[in-house]
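According to my numbering, the sequence shown holds residues 66 to 248 in order.
A couple of the hints might just be wrong.
Derived BS3-like pairs (lysine-lysine); straight-line CA-CA distance at most 27 Å [said to hold, decoys possible]:
#, residue 1, residue 2
1, LYS156, LYS94
2, LYS99, LYS224
3, LYS243, LYS99
4, LYS216, LYS70
5, LYS156, LYS216
6, LYS146, LYS70
7, LYS146, LYS243
8, LYS224, LYS243
9, LYS224, LYS76
10, LYS156, LYS224
11, LYS216, LYS99
12, LYS76, LYS99
13, LYS68, LYS216
14, LYS68, LYS224
15, LYS99, LYS231
16, LYS216, LYS76
17, LYS207, LYS89
18, LYS146, LYS76
Please keep in mind that the hints were generated in silico from the structure rather than gathered at the bench.
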Amino acid sequence: MEKLKLLYPIKPEEWLEGYDLYQKMYRRKFTYIKACAFLIPLILFLQQIWIDPYFTVGYICIAVCVGAIVCIFLTPGIERKTTERALEAIKDDNYVLTLFDDRIEISTVLPESDEKFLEPDESGAKKPLPEIAPTVILLSEKNFRAVETEKIIGVFTSKTSAVIPKSALNDRDVSVLKTALNI
Numbered sequence: 066m067e068k069l070k071l072l073y074p075i076k077p078e079e080w081l082e083g084y085d086l087y088q089k090m091y092r093r094k095f096t097y098i099k100a101c102a103f104l105i106p107l108i109l110f111l112q113q114i115w116i117d118p119y120f121t122v123g124y125i126c127i128a129v130c131v132g133a134i135v136c137i138f139l140t141p142g143i144e145r146k147t148t149e150r151a152l153e154a155i156k157d158d159n160y161v162l163t164l165f166d167d168r169i170e171i172s173t174v175l176p177e178s179d180e181k182f183l184e185p186d187e188s189g190a191k192k193p194l195p196e197i198a199p200t201v202i203l204l205s206e207k208n209f210r211a212v213e214t215e216k217i218i219g220v221f222t223s224k225t226s227a228v229i230p231k232s233a234l235n236d237r238d239v240s241v242l243k244t245a246l247n248i
């Protein structure tokens with residue numbers, strides 16, 4: 066049964082706030098795990114160099130481990146900057162959120178201005194904008210989490226994230242969402 070249906074835009078700063086929350090909740094711990102996977106051999110190679118300073122391969126392995134650790138910690142910042150640039154392409158998109166008893170569906174509504182990027186078909190007629198499959202988030206998923214901040218309501222699973230800006234909601238909508246999401 067449908068509880069709520071909303072049409073809203075998302076500002077890039079709101080989307081990035083949700084992106085940062087998702088990174089913090091689901092991806093940051095794996096960054097540390099991957100770094101530790103290189104830190105342990107790094108320590109072992111440092112120990113080997115301490116014991117035998119002429120162990121040339123050890124120096125190479127130390128450089129590889131340090132380089133890998135640096136790359137692991139730089140990657141999230143690079144991903145965020147890339148995401149910021151990509152948000153320019155979707156700044157005019159709108160989203161339709163449909164809240165059901167057991168799930169949330171979010172569909173993208175492409176602006177008419179995106180038609181200029183479509184190639185005409187063989188007859189020269191304009192192609193319609195492509196359908197984008199809705200994002201479905203089951204409220205019963207094991208790793209489902211909902212978070213409320215001052216500007217957004219974030220709905221996350223390990224593979225999906227959705228950002229709902231509070232600026233597009235009235236008090237009743239916020240109340241319905243908070244009750245349904247157990248915030």
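Hint-by-hint comparison with the structure:
1. Restraint check for LYS156 and LYS94: the C-alpha separation of about 30 Å exceeds 27 Å, so the hint is violated.
2. Restraint check for LYS99 and LYS224: the C-alpha separation of about 19 Å stays at or below 27 Å, so the hint holds.
3. A distance of roughly 35 Å separates the Cα atoms of LYS243 and LYS99; the hinted pair therefore is violated under the 27 Å criterion.
4. A threshold of 27 Å between alpha carbons decides the hint, and for LYS216 with LYS70 the separation of about 19 Å falls inside it, so the pair holds.
5. Straight-line distance between C-alpha atoms of LYS156 and LYS216 comes to about 17 Å, which keeps the hinted pair within the 27 Å bound.
6. Using a Cα cut-off of 27 Å, the hinted pair LYS146 and LYS70 is violated, with the two alpha carbons roughly 32 Å apart.
7. A threshold of 27 Å between alpha carbons decides the hint, and for LYS146 with LYS243 the separation of about 31 Å lies outside it, so the pair is violated.
8. At roughly 22 Å between alpha-carbon atoms, LYS224 and LYS243 fall within 27 Å of each other, so this suggested pair holds.
9. The hinted pair formed by LYS224 and LYS76 meets the criterion: a straight-line CA distance of about 22 Å does not exceed 27 Å.
10. Distance restraint check for LYS156 and LYS224: the Cα-Cα separation of roughly 23 Å lies within the 27 Å cut-off, and the hinted pair is therefore satisfied.
11. Our distance criterion of 27 Å between C-alpha atoms is broken by LYS216 and LYS99, whose separation comes to about 32 Å.
12. Restraint check for LYS76 and LYS99: not satisfied, since their Cα atoms lie roughly 33 Å apart, outside the 27 Å limit.
13. Proximity of LYS68 to LYS216 is assessed by CA-CA distance (about 22 Å); at most 27 Å being required, the pair is judged to hold.
14. Proposed proximity of LYS68 and LYS224 is supported: the alpha carbons are some 24 Å apart, at most 27 Å.
15. Distance restraint check for LYS99 and LYS231: the Cα-Cα separation of roughly 35 Å exceeds the 27 Å cut-off, and the hinted pair is therefore not satisfied.
16. For the proposed pair LYS216 and LYS76, the alpha carbon gap of about 11 Å is at most 27 Å, so the pair holds.
17. Of the supplied pair hints, the one linking LYS207 and LYS89 holds, its CA atoms being roughly 18 Å apart against a limit of 27 Å.
18. Distance check on the hinted pair: LYS146 and LYS76 sit about 16 Å apart at the alpha-carbon level, within 27 Å; holds.
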